[in-house]
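We have chain A; now place chain B onto it with these hints.
Residue numbers (the working numbering), protein chains in the order written: chain A, 1 to 310; chain B, 311 to 850.
Just so you know, nobody snuck in bad clues.
Derived SDA-like pairs (lysine to any residue); straight-line CA-CA distance at most 25 Å:
1. 811(B) <-> 743(B)
2. 173(A) <-> 717(B)
3. 674(B) <-> 63(A)
4. 687(B) <-> 69(A)
5. 579(B) <-> 846(B)
6. 687(B) <-> 65(A)
7. 687(B) <-> 166(A)
8. 173(A) <-> 719(B)
A few chain B positions that, by computed beta-carbon distances, are all more than 10 Å from chain A:
9. 396
10. 490
11. 646
12. 770
Derived from the structure by calculation, the hints contain no laboratory data.
Where a beta carbon is used, it is the ideal one built from N, C-alpha and C, also for glycine.
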Amino acid sequence: MDSIRSPRKDDEPVAVRQPLTDTPQRRAMLGKLKRRPSVKASLIALLVITLTGLCLPFLAQQDPYDLTAFSVMDNRLPPMSESFDGMVFWLGTDGQGRDMLSAILYGMRISLLVGLVSTALALIIGVSVGLVAAVLGGRIEAMLMRLVDFVLGFPSILVALVLLAMIGRGVDKVILAIVMVQWANYARIMRSSALSERRKEYVEAAHNLGFGTGRVMFRHIMPNSLSAVLVLATVQIASAITLEATLSFLGVGVPVTEPSLGLLVANGFDYLMSGAYWISFYPGIALLILIFSLNLVGDRLRTALDPKRS
Amino acid sequence: MNHNKTQACAVIALTAALGATSVSAQELIIGLSSEPTAVDPHYHDLTPNNQLGMHIYSMLATPDANLIAQPELATSWEAEDDNTWVFKLRDDVTFSDGTPFDASDVVFTFCRVMNNESAIGSTGSSVVSNFESVETPDPYTVRIKTKEVEPIMPEMLAGVPILSDSIVEHDEINFDLENDCGVTGTWPSIDDFNVGDAAIGTGPFKLEKFSKGAEITLSRNESYFGPKPDWEAVTFVPVPSDGPRLAGLLSGDYDVIESPAARDLSQIKSNDAFDYVSTPSNRVIFLQLDIGRADSPFITTEDGSNPFQDLRVRQAMSMAIDREAIVARIMDGLASPANQFIPDEMFGAIPQPATLEYNPEKAKELLAEAGYPDGFKVTFHATNDRYINDSQIAQAVAQFLTRVGIETELDAMTRSMFFSRRSGREFSFSMGGWGSSEGGAASFLRQYAVTTDDARGVGGSNYGGWSDPEFDAVVLEAISTVDEAKRSELLQEAEQMAVDKLGFIPLHFESTVWAFREGLNYDGRADQFTLAYQIKRDTE
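The following block holds chain A by itself, in its conformation from the complex (with noise of 0.2 Å):
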């Protein structure tokens, strides 16, 4: 008896637990993520926005969120004026008098919660729908594998817009609008990966050796199959975050009171023609640098992940 339970005390077994551990292959590709300079400004960019986003009630001139903390007698002043009680607003007002600048920072602030809330969300319930699918087969499997079909077989901002409709607006709402329309992406992802390493011999030993389903499932099939999700997962904050400023944009999104980036350039939109351009273009620009540096990084870290490649 002892003989067969030793082995269960070991939740360890070597091939399993190597690619969380700090290994020669993890040193060279984090290296080669470091390297490139576009990656390391875009790096650099993510840490400084996380930050900001951080310490903003120490860093914002003003709370954009607190009306009382805005006049709209201040409203459409141009980057650099000066409002009566001597601030500067650098990057001008918007159509109700708030700054620009704090509204930016919130907005990104925002913004990157939305993100990686949403694709933290979105990957918990991927990976376990796309891991049971792909451990249990047979009728789960397939009752699973269709409605992700389902889910991505609708253009994701139509339905975000019709639940939306539905829920009313808000961040929680909007984030919750959000995975319902990208968890099916990584189910998908998890249960083609969960497949092959299913089949291997690790996982044939692990059985043999009477292991449960769900530990099998969850502490050795998960381990090796997540690489991809977590590829797939860094592209999947920027498409977030691109989808909250749509439905913002759209008017569906966050509350009017508590502007997002896409709010923001929404608002401004009606303002081009007047000649107040600073009210999209500035919160165009912050999001650009924003997606364009998280879209960046991860297609280094695919690149980087990818045996082929390496």
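Showing chain B alone in chain A's frame:
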């Protein structure tokens, strides 16, 4: 590559030149800010629909600039007694399909108003449902007997476009609603009008084609009985976004556009090739409060009460809002602060109303006095595509209210969603607009402020459930008073009560702007209609 580009440029230049020449012909292209939903003139009582209807149809009477009815299809009218009106009709009018116009068409129109299954906004049914009987002693006389006294019958009928009875199969037409009025065929539906078969009128233009979402084309009705319009053909192109509409005017695609944004007017001012006209309108933008319910869905207070039921809170809200700032900063001066619900010069208005003051300090005191020293929380609902700058105005209102302690969260949405949710009484606090037309002050008061009574056809839009018996009595007396001086006096009294009790908080009156290319002229209208037959060539 370069060669291709040059060619492309040449093609563009040529097209532009051709476009410019066709524009100078007898054709007028108008960029609309809001699209009509149907050609059927009785489908939905909306400004864009009524505006299109006035091109194709005529009414018995037509309102002049002061909204007093002037003869159109009727040459004269008189009230034989309180409940009987007699209209004499023109005998020289033919419909656009060549059939002559007579009293039978008028009776048919009244019948169709009451037999209109597709209608969603009941154009005319509030007038016709009051008819006891309609007689035609001769082909050019119509005698109407009413159930309740209707002192402004000609003005009310100025909103009912007259159809031709040739669009249905019928025996002799009579006002016998129970027996289908003598109509033997099927009643015309909204589609019959939209495809053009039933769109037969006596107006200055004929319908050529109604392509929903794309354009509406009209041609001149050569048999029109009134002065011939300057234009052989008119095209309406709906362009709801401000930017593209203005760009279309500047590039020569449109000759006239509705409601360019006030903030963009500097572009038109600085350009000699274009001009604009701005006219104060009868449309008031106001705040509607849920006063009827003790427990309102979107209000959060410490003790669970509904603060809107306290007059002091409503006064505080009115004082918290700087109307001058909204007019100056958001409407760019093209609006005027409202101190009552209709413009000062309209029938039944208070001639010189007291200014509703802006006093945030006093507002805070009043809130404290009413038992809300720390204010309360409320969600404010508004449209973002119906009224001029509506979402901007709503944000400014939220800003002003939050500053005196009423924490206001704004939810601005598209009009279709807003209107259906509002009529379901889902809101606690919302922003609306109403363009007063016939009856002056009575128009807003009977529709919005009086306690809802479907049988009498009043209070249909009183979504806040404000109910004040004293006020109701004055309005109901006013709308059934024939004597004009007495009616005006009663309406003024009612208007003053509405302002004092603040069941609704008026914000401002919109001004309407039309921009057009050089060489054209439009006087602008207080009812916000864009009428192609009143757009004239400049005579220099």
